[in-house]
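Participant: Listed here are the chains, written in short residue letters.
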Amino acid sequence: DVKVTQSSRYLVKRTGEKVFLECVQDMDHENMFWYRQDPGLGLRLIYFSYDVKMKEKGDIPEGYSVSREKKERFSLILESASTNQTSMYLCASSPQRGGSDTQYFGPGTRLTVL
Amino acid sequence: QKEVEQDPGPLSVPEGAIVSLNCTYSNSAFQYFMWYRQYSRKGPELLMYTYSSGNKEDGRFTAQVDKSSKYISLFIRDSQPSDSATYLCATRNTGFQKLVFGTGTRLLVSP
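Heads up: the sequence lines are chains A and B, in that order. For what it's worth, this note's numbering labels the leading residue of the first sequence as 215, then goes sequentially. For what it's worth, this note's numbering labels the leading residue of the second sequence as 212, then goes sequentially.
None of these hints come from the bench; they were simulated from the model. Backbone N, C-alpha and C define an ideal beta-carbon position, used for all residues, glycine too. Check each hint, because a few of them may be wrong.
[As the list claims (entries may be wrong)] To give an idea of the chain B side of the interface with chain A (calculated C-beta under 8 Å), a few residues: (1) Gly254; (2) Pro255; (3) Leu310; (4) Phe312; (5) Thr314.
[Unchecked claim] Derived DSBU-like pairs: lysine-lysine, alpha-carbon spacing no greater than 30 Å straight-line: (6) A:Lys217 to B:Lys309; (7) A:Lys271 to B:Lys278; (8) B:Lys309 to A:Lys271; (9) B:Lys309 to B:Lys281; (10) A:Lys285 to B:Lys309; (11) B:Lys253 to A:Lys227; (12) A:Lys269 to B:Lys213; (13) A:Lys269 to B:Lys253; (14) A:Lys232 to A:Lys284; (15) B:Lys253 to A:Lys217.
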C-alpha cells in the first residue's frame, strides 16, 4: 500500500520565519510534487521533481524552494513566510516519468502564518 | 479563464440518487482525464482514469469524456452517505505528468 507522509498536520508560524515542510514516500516513486490548496482556487502546483536533485517550477513557485536529496524525500521551504502563504499544502508522488497518472497524496499540512 | 472549470457546489442529494458531477476544459490538447475524491482533512485519492473520449465504468462509478465539447463527467449510481466528499477533476496532455485540477465539487449525500 502506497504511503505518503507529511511531517506535520498543523503548523503555525510567524511572518518572516523559515518554514520546512517534509514529505516522504515509501514506494520508490520517481516523481514527487508539492501543491497548495485554497478555497475557490483548487490545487495549484508549486514545484515538482522527477529525480533526485532535479526540480522543476510549477505554476506558483514564487516564495518557495524545494530540495530533493534522496529519492523518497521531497522538502518544501518557505524562505520567509508571509500571511498569504497560509494554506493547505499537499505532497504527492507517482511512479516513473510518463507512466501512470495516479498521484498518491499525503494527508496535507495546514499552515497558518500569523 | 481557468483551464479547467468545475462548479464548487455543494451538491446535496438523498441517499440512492444518481449523481452527476461535471467539468469543462479549454485546452484541446488534453488527452488524459481523472477524477479524484477527497474526504475532509485527507489528501485526494484517484477514483477514475480515462484516456481520450469514451466511457469507463467501475462499480457504481462511470466516467465519461466528450472531447468534441470538452466536457468530462462522473456519474455515481445509488449514492451513499460515504460518497460525501469533494470530487476533483484533473487532466493533462501527453508528456510529463503535470496535472491541471478543477477546483472541486463538494457532494453531500444525506441518509
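Participant: Interface hint check: glycine 254 (chain B), Cβ to nearest Cβ on chain A, cutoff 8 Å. Holds or violated?
Facilitator: Check passed: Cβ of glycine 254 (chain B) comes within 3 Å of chain A, closer than 8 Å.
Participant: When you check the alpha-carbon spacing of lysine 309 (chain B) and lysine 281 (chain B), does it fall within 30 Å?
Facilitator: At roughly 19 Å apart (the allowed maximum being 30 Å), lysine 281 (chain B) and lysine 309 (chain B) satisfy the hint.
Participant: Given the hinted pair lysine 269 (chain A) and lysine 213 (chain B), is their alpha-carbon gap at most 30 Å?
Facilitator: 25 Å, holds
Participant: For the pair supplied as a hint, lysine 271 (chain A) and lysine 278 (chain B), confirm whether the alpha-carbon distance does not exceed 30 Å.
Facilitator: 29 Å, holds
Participant: Given the hinted pair lysine 269 (chain A) and lysine 253 (chain B), is their alpha-carbon gap at most 30 Å?
Facilitator: Given that 30 Å is the threshold and the Cα spacing comes to 26 Å, the pair holds.
Participant: Does phenylalanine 312 (chain B) pass the interface check with chain A, least Cβ-Cβ distance below 8 Å?
Facilitator: Status holds, d = 4 Å.
Participant: With the threshold set at 30 Å, check whether the alpha-carbon distance from lysine 217 (chain A) to lysine 309 (chain B) stays at or below it.
Facilitator: Given that 30 Å is the threshold and the Cα spacing comes to 20 Å, the pair holds.
Participant: Grab the minimum C-beta distance from leucine 310 (chain B) to chain A and call the hint holds if it beats 8 Å, violated otherwise.
Facilitator: 7 Å, holds
Participant: Keeping to a limit of 30 Å between CA atoms, is the pair of lysine 253 (chain B) and lysine 227 (chain A) held or broken?
Facilitator: Holds. Lysine 253 (chain B) to lysine 227 (chain A) sits at ~22 Å (cutoff 30 Å).
Participant: What's the verdict on lysine 285 (chain A) and lysine 309 (chain B), does the C-alpha distance respect the 30 Å limit or exceed it?
Facilitator: Since the Cα atoms of lysine 285 (chain A) and lysine 309 (chain B) sit roughly 19 Å apart, the hinted pair holds (cutoff 30 Å).
Participant: Quick one, are lysine 309 (chain B) and lysine 271 (chain A) close enough, alpha carbons at most 30 Å?
Facilitator: 11 Å, holds
Participant: Quick check on threonine 314 (chain B) please, does its C-beta sit within 8 Å of some C-beta on chain A?
Facilitator: 4 Å, holds
Of the hints listed earlier, there is not a single one the structure fails to meet.
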